[in-house]
Structures are given as structure tokens and as C-alpha cells.
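Q: In the numbering used here, the protein residues as written are 459 to 629.
Careful: at least some of the hints might be erroneous.
Below 20 Å or equal to it, Euclidean Cα-Cα: the simulated EDC-like pairs (lysine to aspartate or glutamate) are [said to hold, decoys possible]:
| # | residue 1 | residue 2 |
| --- | --- | --- |
| 1 | K579 | D599 |
| 2 | K622 | E601 |
| 3 | K464 | D537 |
| 4 | K506 | E475 |
| 5 | K464 | E514 |
| 6 | K461 | E475 |
| 7 | K557 | E475 |
| 8 | K461 | E487 |
| 9 | K463 | E475 |
| 10 | K613 | D524 |
| 11 | K587 | D537 |
| 12 | K557 | D526 |
| 13 | K613 | D589 |
Please keep in mind that the hints were generated in silico from the structure rather than gathered at the bench.
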Amino acid sequence: MLKEKKALVLVEQQYQEMEVWYPYYRLKEEGCQVFLVGPEAGHTYPSKLGYPAKSELAARDINPNDYDALIIPGGFAPDFIRRSEAMVNLVARMAATGKVIGAICHGPWVLCSTPALKGKKATCFFAIKDDVINAGANYSDAEVIRDGNLVTSRKPDDLPAFMKTLFQAMA
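Let the sequences and hints guide you as you build the complete structure.
A: Take a look at the structure:
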């Protein structure tokens, strides 16, 4: 159980539905407090299929010391997340302070805009493999990889292993 834990799930337009909502509800089931974070608080971000996610917090207002983990979903959202200096800074600060970072599918693309991948083992959706390698990661095509505080997976099918490993990292 993660009753004393607090986690952030990043949202932006064009997010992959399963990669936001599966972690969101699984974390809640484990007793974790979970918050949706976008560039702006109170803004609604549509998924790839139009499903709305309303951010509760703005990235610029978050103190990483108040949270235990951060989830970066895939879809096309990472391309938009990377355009927000506040979102990238939040990810970089969470990683630098040793917080658990979970990134799935295209999610590691956001990590490419930070020093978080340097010297780490990681996986991702195959289309961004070169970006992950060029950001300094030791890439491997695997269902899930945990390297210290970093947990990465390739695609929605990997979500059960991703969450199991994320829970272990947060425990």
C-alpha cells in the first residue's frame, strides 16, 4: 500500500488514454494521492481520442519535495509537454531530487530534454529509440526497465509490468 505517498501524472493534449488513466487509478487503488498536472491548472487537455483530462495543478507551482513520484504518459503529449518550460523543469527537478519517474511509450521523450537519462538503462517506444540513446541512455527493448529511480516501458501492453515495477520503486 502507498497510503503516505503522493504522485503526479502529467497531462497535455493528445495523451494516450491508457497511459494516463491506468496509472492514475492503479495508484489510487494502492492508497496513493494522485494529481493530474499540466502547464496550466484547471485546463482540460483532450486525449488522442478526445477524452478529457482536467489538470488539478500547474507544473510551475509544484515543489518536488512534496511528491514521491511522477508519471509521464505517451501518445503525442510528450511533444507538447516538451514545449512547456515549466513541465520540463518539473521533470528535471523531480529526477534530480531522486524521485521515482515513470515514463512509458513516448514518455521518455520528455526525459530527453533533461539530464535524467544520462548513464541510465531505459526502454521506450521504438520510434524514439535514437532520441533516448542520444540523450545518454543505455537502451534495451524490454517490457519494463528500472534503473534506480527511473522506470520505463514501451507501450500500453506493458502497463501491468510498468505499474508493478513503479510500485516497487515507490515502496
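Q: Could you run down the list of hints and mark each one as holding or not?
A: Verification of the supplied hints:
1. For the proposed pair K579 and D599, the alpha carbon gap of about 10 Å is at most 20 Å, so the pair holds.
2. Distance hint between K622 and E601 is fulfilled; the C-alpha atoms sit about 12 Å from each other, no more than 20 Å.
3. Restraint check for K464 and D537: not satisfied, since their Cα atoms lie roughly 25 Å apart, outside the 20 Å limit.
4. A threshold of 20 Å between alpha carbons decides the hint, and for K506 with E475 the separation of about 7 Å falls inside it, so the pair holds.
5. This hinted pair checks out: K464 and E514 have alpha carbons roughly 14 Å apart, not beyond 20 Å.
6. The hinted pair formed by K461 and E475 fails the criterion: a straight-line CA distance of about 25 Å is larger than 20 Å.
7. Pair hint K557 plus E475 does not hold up; C-alpha atoms about 24 Å apart against a cutoff of 20 Å.
8. Taking the CA atoms of K461 and E487, the gap is about 10 Å. The hint holds against a cut of 20 Å.
9. Under the criterion of a C-alpha separation no larger than 20 Å, the hint pairing K463 with E475 is inconsistent with the structure, at around 23 Å.
10. At roughly 29 Å between alpha-carbon atoms, K613 and D524 are farther apart than 20 Å, so this suggested pair is violated.
11. Between K587 and D537 the CA atoms are separated by roughly 15 Å; this keeps the pair inside 20 Å, and the hint holds.
12. Under the criterion of a C-alpha separation no larger than 20 Å, the hint pairing K557 with D526 is consistent with the structure, at around 6 Å.
13. The suggested pairing of K613 with D589 holds, with an alpha-carbon distance near 16 Å, which does not exceed 20 Å.
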